[in-house]
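Student: As a plain string of letters, each chain reads:
Protein chains: 2
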Amino acid sequence: MRLLEEKIISEGRVLSDQVLKVDSFLNHQIDPFLMNEIGKEFALRFANEGITKIVTLESSGIAPAVMAGLYMNVPVVFARKRKSLTLTDDLLSASVHSFTKNETNEISISNKYLDEDDRVLVIDDFLANGQAALGLVEIVKQSGAKVNGIGIVIEKSFQQGAEKLKEFGFRVESLARIASLSNGEVQFINEKVGELV
Amino acid sequence: MRLLEEKIISEGRVLSDQVLKVDSFLNHQIDPFLMNEIGKEFALRFANEGITKIVTLESSGIAPAVMAGLYMNVPVVFARKRKSLTLTDDLLSASVHSFTKNETNEISISNKYLDEDDRVLVIDDFLANGQAALGLVEIVKQSGAKVNGIGIVIEKSFQQGAEKLKEFGFRVESLARIASLSNGEVQFINEKVGELV
Numbered sequence: 001m002r003l004l005e006e007k008i009i010s011e012g013r014v015l016s017d018q019v020l021k022v023d024s025f026l027n028h029q030i031d032p033f034l035m036n037e038i039g040k041e042f043a044l045r046f047a048n049e050g051i052t053k054i055v056t057l058e059s060s061g062i063a064p065a066v067m068a069g070l071y072m073n074v075p076v077v078f079a080r081k082r083k084s085l086t087l088t089d090d091l092l093s094a095s096v097h098s099f100t101k102n103e104t105n106e107i108s109i110s111n112k113y114l115d116e117d118d119r120v121l122v123i124d125d126f127l128a129n130g131q132a133a134l135g136l137v138e139i140v141k142q143s144g145a146k147v148n149g150i151g152i153v154i155e156k157s158f159q160q161g162a163e164k165l166k167e168f169g170f171r172v173e174s175l176a177r178i179a180s181l182s183n184g185e186v187q188f189i190n191e192k193v194g195e196l197v
Numbered sequence: 001m002r003l004l005e006e007k008i009i010s011e012g013r014v015l016s017d018q019v020l021k022v023d024s025f026l027n028h029q030i031d032p033f034l035m036n037e038i039g040k041e042f043a044l045r046f047a048n049e050g051i052t053k054i055v056t057l058e059s060s061g062i063a064p065a066v067m068a069g070l071y072m073n074v075p076v077v078f079a080r081k082r083k084s085l086t087l088t089d090d091l092l093s094a095s096v097h098s099f100t101k102n103e104t105n106e107i108s109i110s111n112k113y114l115d116e117d118d119r120v121l122v123i124d125d126f127l128a129n130g131q132a133a134l135g136l137v138e139i140v141k142q143s144g145a146k147v148n149g150i151g152i153v154i155e156k157s158f159q160q161g162a163e164k165l166k167e168f169g170f171r172v173e174s175l176a177r178i179a180s181l182s183n184g185e186v187q188f189i190n191e192k193v194g195e196l197v
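Sequence lines, in order, name chains A and B. All letters in the first sequence, in the order written, are residues 1 to 197 by the working numbering. All letters in the second sequence, in the order written, are residues 1 to 197 by the working numbering.
Bound conformation, chain A alone (with noise of 0.2 Å):
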């Protein structure tokens, strides 16, 4: 998505090999505008998957997955990282680890706002080793859901998570994805010819 590679180049900032900081955007300030144009492309291409919810992760994933929920017109969940005294409800709940945050935290969502009949699209805001997109595919197993997509703001490329997605037979759709941070420099990869690199 031509747009958010242009953001990713004027505003992302490379801290390591590893990692790239959006927070004048997407992970602490948010661009509403952008949100908006994710959200439409995300209804675009899962537009033929019959989704009936959206599942993302607070709290940087909900933006985009309200707007995509309001495009696709289903409601969004989105999963909490710890449990909060006053949900009460029965839980369905896995375990996520965070290799950039190095943190393990459990992720639950109400057994309340998913049914066996849901057809799930699931968005985050980042995809790197895959974790907390593998959790939220378990907590949607759980409830005896279906996956029918996958939607990823930025893709880093160069790790594991999306091979790993696409090998258990999940439809990945990355709007931005990221070849190589080495250098400091961004490198995407190149769909199409005339697309940013």
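Source of the hints: derived by calculation from the structure; they are not laboratory data. Keep in mind that a hint or two might mislead.
If chains are identical, the list can't say which one is meant, so a pair holds when it fits in one copy or spans any two.
As the list claims (entries may be wrong) - Restricting the straight-line Cα-Cα distance to at most 27 Å, the calculated cross-link-like pairs of lysine-lysine (BS3-like) are:
#1 LYS112 with LYS141
#2 LYS112 with LYS164
#3 LYS81 with LYS101
#4 LYS146 with LYS101
#5 LYS164 with LYS141
Note that the coordinates shown come from a computational prediction; the quantities given were computed from them, not determined experimentally.
Given chain A, work out where chain B should sit, using these hints.
Tutor: Coordinates of chain B only, in the frame set by chain A:
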């Protein structure tokens, strides 16, 4: 806001005289259509305040804030509830106690995303004792920016938050104002004759 009040009546669950649970459309599952209407309504109410930035708190503030940001054409910054290892910039911070969850969080925003020229709209999902809103106000003040309004999705008017914020001189706009949760029933403050009571 009629649509929101109807949603609260049909889907909200009164857990006690103090606690209203709206996990089906705001705090866990999110209704994107309703969030879109909420965003429009905030944009309308604060149209003349010259707002340059919206500040909210993860996670439940993000959806209404991003929709408001879309219609007001301004960026959104969400305060985080704990420090992230990749968030290395100088932080503006405040302590916020949640009586509902019985826990105190340090909330933080990077000083990169608030400027002393900013005219800030603070948005949050609930207003009860005003702790979260006051924490956000404190952070905005640390940056030198000005709080030009506080937009709340659901105000529990029988608690002290709204009064406190108004005494401090802030303009508070709450889209649903709850007079009482007694006897398991939601009673709204009746602002216009003919509206839901």
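Student: Would you mind marking each hint as holding or not holding in the structure?
Tutor: Hints versus structure:
1. LYS112 with LYS141: This pair counts as within: shortest intra-copy Cα distance 14 Å, inter-copy 40 Å.
2. LYS112 with LYS164: This pair counts as neither: shortest intra-copy Cα distance 29 Å, inter-copy 36 Å.
3. LYS81 with LYS101: both (13 Å within a copy, 15 Å between copies)
4. LYS146 with LYS101: neither (29 Å within a copy, 33 Å between copies)
5. LYS164 with LYS141: within (17 Å within a copy, 46 Å between copies)
Hint compliance for this structure: hints 2 and 4 are not met, and every other hint is.
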